[in-house]
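K.L.:
From first to last, the protein sequence lines are chains A and B.
Under this note's numbering, the residues of the first sequence are numbered 1 to 347, in order.
Under this note's numbering, the residues of the second sequence are numbered 348 to 935, in order.
Bear in mind the hints are in silico, worked out from the structure with no lab data behind them.
The model shown is predicted, which means the values in this text are computed figures rather than measured ones.
C-beta atoms are modelled at their ideal positions from N, C-alpha and C, and glycine is treated no differently.
One should not assume that every hint holds.
Quick look at which bits of chain A chain B covers, simulated, 3 or more residues with Cβ under 8 angstroms [to be verified]: (1) 131 to 144; (2) 258 to 270; (3) 277 to 288.
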Amino acid sequence: MNTDIFFWLAQDGITNGAIYALLALALLLVFAVTRVIFVPQGEFITFAALSLSLLEAGRVPGTIYILAFGGLAAGALELVVAWRERQLARLPRIAALYVAAPVAVALLVAWAAPRRFDQWIQVLLVLAMVVPLGPIVYRIAYQPLASASVLVLFIVSMAVHYVLVGLSLLFFGGEGLRASPFWDARFKLGVLEVSAQSLWVLAASVILIIALWLLFEHSIYGKALRATAINRVGARLVGIPTLLTGHLSFLLAAFIGAASGILIAPLTTLYYDTGFIIGLKGFVGAILGGMASYPLAAVGALVLGLLESFSSFWASAYKETIVFSLIVPVLVWLSLRSHHVEEEEKE
Amino acid sequence: MSAGRIAMALFIAFLAAAPFALSEFYVTLMNYIGLATLVTLGLVLLTGVAGLMSFGQQVFVGFGAYATAVLTIQYGASPWLGLGAGLAFTAVAALGLGLITVRLSGHYLPISTLAWGIAFYYAFGNLEFIGRYDGLQGIPAIRIFGWEVASGRESYVLIWVATLAALLAAHNLLDSRSGRAIRALRFRATMAESFGIDTARLKLIVFVYAALLAALSGWLYAHFLHFVSPGAFNVNIGIEYLFMAVVGGASQVWGAVIGASLLTLLKEWLKDILPAFFEQSGNYEAIVFGLLMLPLLHRARDGLMPVLARLGRAHRRIPMKVVAANPLPRRAGPAAGEPLLGLAGVQKNFGGLAAVRALSFEMRAGEILGLIGPNGAGKSTVFNVVTGVLPADAGEVRFRGARIDALPARRIARLAIARTFQHVNLVGGMSVLENVAIGAHLRGAKGTLPAMLRLDREEERRLLHEAARQVERVGLAAHLGEPSASLALGQQRMVEIARALAADPVLLLLDEPAAGLRFQEKQALAALLQRLRAEGTSILLVEHDMDFVMGLVDRLVVMDFGEKIAEGLPREIQANPLVIEAYLGGIE
Numbered sequence: 001m002n003t004d005i006f007f008w009l010a011q012d013g014i015t016n017g018a019i020y021a022l023l024a025l026a027l028l029l030v031f032a033v034t035r036v037i038f039v040p041q042g043e044f045i046t047f048a049a050l051s052l053s054l055l056e057a058g059r060v061p062g063t064i065y066i067l068a069f070g071g072l073a074a075g076a077l078e079l080v081v082a083w084r085e086r087q088l089a090r091l092p093r094i095a096a097l098y099v100a101a102p103v104a105v106a107l108l109v110a111w112a113a114p115r116r117f118d119q120w121i122q123v124l125l126v127l128a129m130v131v132p133l134g135p136i137v138y139r140i141a142y143q144p145l146a147s148a149s150v151l152v153l154f155i156v157s158m159a160v161h162y163v164l165v166g167l168s169l170l171f172f173g174g175e176g177l178r179a180s181p182f183w184d185a186r187f188k189l190g191v192l193e194v195s196a197q198s199l200w201v202l203a204a205s206v207i208l209i210i211a212l213w214l215l216f217e218h219s220i221y222g223k224a225l226r227a228t229a230i231n232r233v234g235a236r237l238v239g240i241p242t243l244l245t246g247h248l249s250f251l252l253a254a255f256i257g258a259a260s261g262i263l264i265a266p267l268t269t270l271y272y273d274t275g276f277i278i279g280l281k282g283f284v285g286a287i288l289g290g291m292a293s294y295p296l297a298a299v300g301a302l303v304l305g306l307l308e309s310f311s312s313f314w315a316s317a318y319k320e321t322i323v324f325s326l327i328v329p330v331l332v333w334l335s336l337r338s339h340h341v342e343e344e345e346k347e
Numbered sequence: 348m349s350a351g352r353i354a355m356a357l358f359i360a361f362l363a364a365a366p367f368a369l370s371e372f373y374v375t376l377m378n379y380i381g382l383a384t385l386v387t388l389g390l391v392l393l394t395g396v397a398g399l400m401s402f403g404q405q406v407f408v409g410f411g412a413y414a415t416a417v418l419t420i421q422y423g424a425s426p427w428l429g430l431g432a433g434l435a436f437t438a439v440a441a442l443g444l445g446l447i448t449v450r451l452s453g454h455y456l457p458i459s460t461l462a463w464g465i466a467f468y469y470a471f472g473n474l475e476f477i478g479r480y481d482g483l484q485g486i487p488a489i490r491i492f493g494w495e496v497a498s499g500r501e502s503y504v505l506i507w508v509a510t511l512a513a514l515l516a517a518h519n520l521l522d523s524r525s526g527r528a529i530r531a532l533r534f535r536a537t538m539a540e541s542f543g544i545d546t547a548r549l550k551l552i553v554f555v556y557a558a559l560l561a562a563l564s565g566w567l568y569a570h571f572l573h574f575v576s577p578g579a580f581n582v583n584i585g586i587e588y589l590f591m592a593v594v595g596g597a598s599q600v601w602g603a604v605i606g607a608s609l610l611t612l613l614k615e616w617l618k619d620i621l622p623a624f625f626e627q628s629g630n631y632e633a634i635v636f637g638l639l640m641l642p643l644l645h646r647a648r649d650g651l652m653p654v655l656a657r658l659g660r661a662h663r664r665i666p667m668k669v670v671a672a673n674p675l676p677r678r679a680g681p682a683a684g685e686p687l688l689g690l691a692g693v694q695k696n697f698g699g700l701a702a703v704r705a706l707s708f709e710m711r712a713g714e715i716l717g718l719i720g721p722n723g724a725g726k727s728t729v730f731n732v733v734t735g736v737l738p739a740d741a742g743e744v745r746f747r748g749a750r751i752d753a754l755p756a757r758r759i760a761r762l763a764i765a766r767t768f769q770h771v772n773l774v775g776g777m778s779v780l781e782n783v784a785i786g787a788h789l790r791g792a793k794g795t796l797p798a799m800l801r802l803d804r805e806e807e808r809r810l811l812h813e814a815a816r817q818v819e820r821v822g823l824a825a826h827l828g829e830p831s832a833s834l835a836l837g838q839q840r841m842v843e844i845a846r847a848l849a850a851d852p853v854l855l856l857l858d859e860p861a862a863g864l865r866f867q868e869k870q871a872l873a874a875l876l877q878r879l880r881a882e883g884t885s886i887l888l889v890e891h892d893m894d895f896v897m898g899l900v901d902r903l904v905v906m907d908f909g910e911k912i913a914e915g916l917p918r919e920i921q922a923n924p925l926v927i928e929a930y931l932g933g934i935e
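Kindly generate the complete structure, drawing on both the sequences and the hints.
P.N.:
Right under this line is the structure:
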C-alpha cells in the first residue's frame, strides 16, 4: 500500500465514520429517552437517500405514499382515542397534523418532482417527507407500549423494520440508486486529494453534532429529554410528558436518519434494504461507546469507519464480517468490567 | 381427560396420519414446520422463559447444516459424525458468545445476535470451502440401521420424532428443579441468587441448549434438502424465528409448535397470493408479518398459547397432588448461644447518601433479634449487605466466625442463610408449591440433563414433599397448586417465609413479614416464629408493627439515619429517650 492509497482509504473511512457517528448519537438518544433500540432508523436512511436520487431523476418517490398513509393510520388511532375519551375538540388538530400536513407535503413533492428544482430544494423536500415519519412511527408502533420492557420494545422495532423494509421494496423496487454529489470538486492538500463531497459530509456531521449538543444544553426541550433519560419517573413527576419526549426523540432520530441518508446518497449505491446494515453499524458504534457515552460512541463510530475502509482494501469480501465482529472484543471488555450479575426485566 | 390432553392426543394422531394423508407438497411443508419448531423451541426457553433474546439462531442452524455438509461431501464421513461435529462446534461457539454476552444488560444480547447474524451470513457467503454463495450440493441421506431416510416422507418421520422428543424434553426440564430456577431468571434473578442459584451459569446453559436445538434443526435440514446455501441463514430468517416464538407465546413449550406452524403456513400462503397484487416478486410477506406482530404485541403480548390454554381450563381448578417421599436430611445448626452473625463497622453509601454508617452488632444462635427504626433508617440495606445482594463499602460481616462480606449472594445462601424480601419476590406464573420449592434448590443436585430425561424423579418428589410441608406450616395448604400471583398480599408474604424455610436455614432474615397481615394471621405468624426459635433457628427480623415485635424478640437493635442508636431488651428500648425521639420527634 502506498501513501496515496492510505490517505484515500483514511478519507473514505473518516467520511463513513462521521455518518456512523451521527447515527450512533441518534440511536443512543432514542434508547436513553424511550428505551427503544431503534433498528428502523436504517429505513429512514434508505428512504431519504433513494428519494433524493429519484427527485434528481425527476421522478416522484414512493415515500409520499408512505408518509400520507402513515399519517392517516396515526390519525385514525388518534381519532379512536379522542372518540373514546369524548374529546372531539381535538379533531381539527388531529386532522391538521396527521392528515392535512402529510397530504400537503405529498402533493407538494408530486408537483415539484418533475420540475427538477435545485438540489438544495430537493434536500428540503426529502427532509419534509422523511422527518415526520419519526413521530408517526412512534405514534403507531411504540406509544401504546411506552411502559413495556426493553425486550418487548426491541421486538416491536424488528416488526417496524420488517414493515418499512417491505414498503421500501414495494415503492423503490430492487434496483440500486445513487445521487450525484452536491459539489463535484476535488482539492489538492499536499499529497492527498480530497473530494468536496467528503468535506461536505464531515462539515454537516460536525455541525449537526454541535447543534444537538446546543439543543441538549440550552433548550427547554433538550433539558426535558435529558431529564427523561436520567430518570423517567422523576421527569414525569415534575410534569414532563412522556409522550412529548417520545415524539421529540423520534423526530430527532428521523431527522438525523434522513440527514445521514442525504449525505450518503452520493457516496455509494443504495438498495431498498441497504439502510438496515448502515443503521446497524451505527449500533456497533454505539456499543463501542458502551451504549451510554456520546463522545465514546462518536469515537467508536470513527474507528468503525476506518476499519471498514481498510478492510475493504485488504479483504473486501469479508468487510461486513470484520466490521460486525468488532463488537466481540468490546463485549468482552464490557463483560469483564461488569460485576453485576442480576439483571431482571420488570413484569 | 383434560382439554390439554385431548388436544395433545389429537395433535399426535394428526402427526401420525399426516404422511399417509397429505400430498407431497404438504408433507414438505410439515417438514419445514418441524424444523422451525426445533429452533423456536430453543427461543421459547431462551427468550420467553429465561428472558434472553436472540435474533441469531439461524447462525447455529447454519453451523449444524454446514458441518455435516462439509464432512459428508468432502470427506465422505457418516452423517452421524456430521451431527456430532455440528453439535460440538455449535456448543463451543455458543459457549464463547454466551460467556461474553449473557452477563451484560438484556439489550446487548439481541443487538450482538443481529451483528453476528450479519457477520456469519457474509462469512458463509464468501468462504471458498463451503461453496460461497452457491452453497454445497449432494449431501447424502441419513442411514439408520440400514434404513435410508431418502424421501420427503421418510424425512418427515425423522424430523417429527426429533421435534417431539425435544418438546417432551423441554417440557420435562421446565417441570424440575433446574426448570424452576430457569423460570425465575427473567423477572426474579436477585431472588434466585439469594437461594443459591448461579443465574449467569444457568443463562449460559439455556443459551447453549437453544443453540444446540438450532444446530440439530440444521443437520436435519441439510440431509432432508441434500443442499445448503447461505440464503437459508440470513438475518431475516433469524428475526422470523423470534416472531414465531412471540406469536406462539414465548413462555410456553407448545407455543413453539403453534408459532412455527402459523408463520410457516402464512408465509407459504402469502407467497401464493401476494404476487397477484404486486407487479414484481419480492419479500412482501415481510410487510404482513410486521403488521401482524404490532397488534399482537399491543394486545396479547404473551402470544396465542396462553389464550388457547385459558380456553381449555377455564372452569377447572388443578388439584395439586404431592406424593409422599423420604424427607430431606436436615442440617445440624450451631448450639444455642454460640456467636452467629457479627457486623463490625459496616458502611454502605448510595452516591452521596450514607444508608448505613459504621454499624456494629452481634447476634447469637437461637435468638430472635429485632432490627427496627423509622422509614429510611437503612434496615433493608443491612439485609441486602448481610445476604450479599449489595456489597458493603467498608466493615466486616462475619457468620459463625468466617467473613462473608466479600461473598456473592449465592455463596452466602450455601451457608444456610435464607431471607424474605420486603417487596414480595415470587415468580408470579408459578404455583405456590413450585415457588416454595425454589427455596430448597440447594438441597437437591440434579441438573438439566437428568431433568430432561426424567432421571430426577426421586429427588424431585423429596423436594416437592419438603416444599409442601413448609407451605402447610405457614397455613396455605389449601392454595398449593394456585399461581402465586393470585394470592392476597399477606398470603404472598407467607409464601416468601415458606420458601425461606424450605432452605432449612440456620439464620432466617425476615423483612417486614407482618405487613399486610390480619390480626389472626399475625398471631399465627408469631406462633410459627416462636416454634422455629424453639427448634434452634435464629431469626433477624425487620418489622414496623411494635406490638408484634415487642412480644416476640429477645433483643432489639434500633437504627436511625443509617446509625445504630440503641440496642437492648425490648423493655429497655421502650424506655430509651433516643428511640422515642427518633420515632416521635424531639420536644423542643
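K.L.:
With a C-beta cutoff of 8 angstroms, work out whether three or more residues of the segment 258 to 270 of chain A approach chain B closely enough for the coverage to hold.
P.N.:
Coverage by chain B is violated for the segment 258 to 270 of chain A (0 residues, Cβ < 8 angstroms).
K.L.:
Within the assertion that chain B covers the segment 277 to 288 of chain A, do at least three residues meet a Cβ-to-Cβ distance smaller than 8 angstroms?
P.N.:
holds (count 5)
K.L.:
Given that the segment 131 to 144 of chain A was listed as covered by chain B, double-check it with a C-beta distance under 8 angstroms for 3 or more residues.
P.N.:
Contact hint for the segment 131 to 144 of chain A vs chain B: holds, 3 residues under 8 angstroms.
Figure legend: structure checked against the earlier numbered hints; the only hint not met is number 2.
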